[in-house]
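*Asks:* Sequence:
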Amino acid sequence: MPMNYLEFYKKSSEFAADFWKEQSQKIDWFKNPETILSKDANDYPLWYADGELNACYLAVDKHIEDGFGDQIAIIYDSPVTQTVKKYTYSELKSEVAKLAGGLLSLGLEKGDTAVIYMPMIPQAAFAMLACARIGVTHSVVFGGFAPHELAIRIDDCEPKLIITASSGIEIDRVIAYKPLVDDAIELANFKPEKVLVFNRKLGARVPFKKYDVDYDALVYGSEETDCVPVNATHPLYVLYTSGTTGKPKGIIRDTGGYATALKYSMQYIYDVKKGDVFWAASDVGWVVGHSFIVYGPLINRNTTVIFEGKPIRTPDASTFWRVIEEHKVSIMFTAPTAIRAIKKEDPNGAFIKKYNLASLRILFLAGERCDVATLEWINQHIPVPAIDHWWQTESGWPMIANMMGVERLPVKPGSSGKVVAGYDVRIFSENGKELGPNEEGYVVIKLPLPPGTLMDLWKDNERFKAGYLNKFPGYYFSGDGGYKDDEDYIFITGRVDDVINVAGHRLSTAEMEEVVASHSSVAECAVIGINDDLKGQIPLALVVAKSGEEIESFQLQFEVVKLVRDTIGAVASLRDVVMVERLPKTRSGKILRKMMRSIADGEEFQVPSTIDDEAIIGEIRMVLETAKIGSFK
1 MPMNYLEFYK
11 KSSEFAADFW
21 KEQSQKIDWF
31 KNPETILSKD
41 ANDYPLWYAD
51 GELNACYLAV
61 DKHIEDGFGD
71 QIAIIYDSPV
81 TQTVKKYTYS
91 ELKSEVAKLA
101 GGLLSLGLEK
111 GDTAVIYMPM
121 IPQAAFAMLA
131 CARIGVTHSV
141 VFGGFAPHEL
151 AIRIDDCEPK
161 LIITASSGIE
171 IDRVIAYKPL
181 VDDAIELANF
191 KPEKVLVFNR
201 KLGARVPFKK
211 YDVDYDALVY
221 GSEETDCVPV
231 NATHPLYVLY
241 TSGTTGKPKG
251 IIRDTGGYAT
261 ALKYSMQYIY
271 DVKKGDVFWA
281 ASDVGWVVGH
291 SFIVYGPLIN
301 RNTTVIFEGK
311 PIRTPDASTF
321 WRVIEEHKVS
331 IMFTAPTAIR
341 AIKKEDPNGA
351 FIKKYNLASL
361 RILFLAGERC
371 DVATLEWINQ
381 HIPVPAIDHW
391 WQTESGWPMI
401 ANMMGVERLP
411 VKPGSSGKVV
421 AGYDVRIFSE
431 NGKELGPNEE
441 GYVVIKLPLP
451 PGTLMDLWKD
461 NERFKAGYLN
471 KFPGYYFSGD
481 GGYKDDEDYI
491 FITGRVDDVI
501 NVAGHRLSTA
511 EMEEVVASHS
521 SVAECAVIGI
531 NDDLKGQIPL
541 ALVVAKSGEE
551 IESFQLQFEV
561 VKLVRDTIGA
571 VASLRDVVMV
581 ERLPKTRSGK
591 ILRKMMRSIA
601 DGEEFQVPST
611 IDDEAIIGEI
621 RMVLETAKIG
631 SFK
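Counting with UniProt numbering, you get residues 1 to 633 for the letters of the sequence shown.
Certain hints may be false.
[Said to hold, decoys possible] For lysine-lysine, the following DSSO-like pairs were computed, each having C-alpha atoms within a straight-line distance of at most 30 angstroms:
hint, residue 1, residue 2
1, Lys26, Lys263
2, Lys274, Lys354
3, Lys273, Lys11
4, Lys433, Lys10
5, Lys26, Lys11
6, Lys465, Lys160
7, Lys201, Lys160
8, Lys85, Lys39
9, Lys110, Lys21
[Said to hold, decoys possible] Pairwise CB distance ranges (calculated):
hint, residue 1, residue 2, range
10, Gly221, Ser90, 16 to 22 angstroms
11, Gly548, Gly474, 49 to 55 angstroms
12, Asp40, Asp566, 50 to 56 angstroms
13, Glu550, Pro473, 54 to 60 angstroms
14, Glu326, Ser429, 46 to 52 angstroms
15, Pro413, Gln82, 34 to 40 angstroms
Hints are computed from structural coordinates only; laboratory data are not their basis.
Note that CB positions come from ideal geometry on N, CA and C, so glycine has one too.
Using the sequences and the hints given, assemble the complete structure.
*Replies:* So this is what it looks like as structure tokens:
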């Protein structure tokens with residue numbers, strides 16, 4: 001156990017190069033870096049520029065060499081197909097090394113790119129690791145994305161190969177992937193040479209094209225191939241995140257800095273011991289899946305869970321607890337939206353009591369701000385620390401957290417914790433002045449960012465600088481607002497455009513959401529600012545009532561308005577509370593507040609490619625029209 005948090009943080013900030021040199025020595029390099037921190041041609045920080053390594057070697061081969069080949073590396077748990085399958089590190093190596101050999105036989109080589117478009121199955125992880133093994137930069141696209149969105153990514157990263165599966169599977173239907181891939185290739189200007197198809201044999205249509213290669217046949221007919229040394233700054237992957245312009249941004253992740261940061265995260269943030277079972281209930285299509293389903297746990301020699309299902313309806317709200325008991329999960333990571341979905345179906349936690357959660361030590365929450373009501377529900381029903389933390393696709397690993405492997409600090413509901421050692425997080429005003437305690441402003445991070453954070457945007461350095469670096473020179477602009485309290489706990493209040501101006505008062509819709517969510521009948525809510533002729537903006541609350549709650553909409557509106565008035569004051573000006581069946585979200589669980597604001601204000605908007613179900617747009621519009629709210633008055 002290291003020093004206390006303050007001493008540890010001080011060491012990371014005052015002796016950054018020494019600190020990160022020490023952390024880099026915890027992974028195995030083919031060539032140890034001598035240059036710890038330098039700069040690229042655009043004067044942007046680079047880590048370990050002269051080091052050589054391989055991420056697949058760190059995640060797989062090293063553990064076998066160390067005598068842990070029989071340890072379980074991956075547990076695949078799929079309630080939607082009623083399948084559980086386990087792979088040891090030795091079995092994982094065989095699958096990955098043969099697939100890598102197959103990729104070489106298809107003509108792929110170091111420096112090429114490949115798109116992976118797959119559901120939550122082990123072969124998705126095999127594909128990522130096989131690419132890393134031979135120095136091919138992978139770009140995982142969330143399975144089930146529409147062909148248009150896949151085509152945009154194909155045109156941007158120009159893959160020599162697409163790796164896909166015959167289908168994904170939802171609770172109530174099988175989604176054929178191959179026709180989507182074919183349509184995307186038809187739409188794209190750039191044409192990949194081959195499509196590698198893993199047939200799950202679940203009955204989905206798999207139209208054959210001349211460019212198709214059968215996954216099983218390729219692996220069966222290939223020899224295992226060794227790991228290729230790559231430079232520390234070699235792009236391990238490109239991961240696309242939504243952009244405000246509608247064009248996705250390709251975040252570039254290096255190899256050496258990322259591997260160092262993940263090893264560091266697993267030890268000092270998540271407090272995971274080697275051999276522990278670690279479960280991030282996310283998808284490989286998102287950054288959480290890259291960092292904490294595949295690379296982080298495997299580099300740390302953990303058993304990682306690949307879960308194909310939902311927190312509810314697979315078959316019910318007990319699924320998470322069943323997985324924890326059955327696989328003896330030590331540390332879990334999920335999104336607050338998943339917990340809220342469970343809470344809605346099982347408000348009294350009856351299912352939790354049916355399972356033995358003795359193996360579970362910590363529950364981490366991220367992906368969106370965890371509201372106090374959800375945190376309180378977890379604390380009431382699950383006897384382990386619930387730790388909110390904050391990071392982004394761009395950072396690749398946590399920026400604000402309670403560093404559980406350093407010192408377990410008290411949890412402050414509503415706060416993501418303190419600055420993770422290695423980062424220098426500040427709160428700035430609009431004009432770049434650093435703000436004092438409890439003053440809300442822009443969340444920025446002083447350069448250089450630590451290892452493992454974004455290197456650039458794929459083929460778009462100008463957009464990289466414009467989006468992240470130009471607003472506050474010398475600092476990375478996160479796009480989020482927040483404040484630090486008197487004890488340096490940081491509270492993220494949401495994207496900066498979630499702060500509304502009501503008659504000259506800057507109010508946080510996130511703060512109002514906290515109050516609305518605390519109502520006993522509310523399962524989930526969103527508060528957005530909509531245009532108002534008199535006050536500029538006024539808040540609108542959209543609420544989902546708990547299952548089985550018998551409350552009239554007018555009664556709920558009266559009680560919520562009073563609650564907000566009593567808690568925040570009349571200045572909040574919340575008058576409109578609308579009950580909805582569900583809230584529009586991305587597939588990763590983020591509530592699409594900006595889209596709802598555009599609907600209410602009668603503005604044109606682009607439907608995000610990541611939306612879970614487009615039908616909800618019409619539902620929200622109809623509810624607002626019926627209630628005569630916003631532009632529907």
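*Asks:* All hints are to be evaluated individually against the structure, with a verdict given for each.
*Replies:* Structure-based check of each hint:
no.: 1; hint: Lys26 <-> Lys263; verdict: holds (8 angstroms)
no.: 2; hint: Lys274 <-> Lys354; verdict: holds (29 angstroms)
no.: 3; hint: Lys273 <-> Lys11; verdict: holds (23 angstroms)
no.: 4; hint: Lys433 <-> Lys10; verdict: holds (23 angstroms)
no.: 5; hint: Lys26 <-> Lys11; verdict: holds (17 angstroms)
no.: 6; hint: Lys465 <-> Lys160; verdict: holds (28 angstroms)
no.: 7; hint: Lys201 <-> Lys160; verdict: holds (26 angstroms)
no.: 8; hint: Lys85 <-> Lys39; verdict: violated (45 angstroms)
no.: 9; hint: Lys110 <-> Lys21; verdict: holds (27 angstroms)
no.: 10; hint: Gly221 <-> Ser90: 16 to 22 angstroms; verdict: holds (21 angstroms)
no.: 11; hint: Gly548 <-> Gly474: 49 to 55 angstroms; verdict: holds (54 angstroms)
no.: 12; hint: Asp40 <-> Asp566: 50 to 56 angstroms; verdict: holds (54 angstroms)
no.: 13; hint: Glu550 <-> Pro473: 54 to 60 angstroms; verdict: holds (57 angstroms)
no.: 14; hint: Glu326 <-> Ser429: 46 to 52 angstroms; verdict: holds (51 angstroms)
no.: 15; hint: Pro413 <-> Gln82: 34 to 40 angstroms; verdict: holds (38 angstroms)
Comparing the model with each earlier hint shows a violation of hint 8 alone; every other hint is respected.
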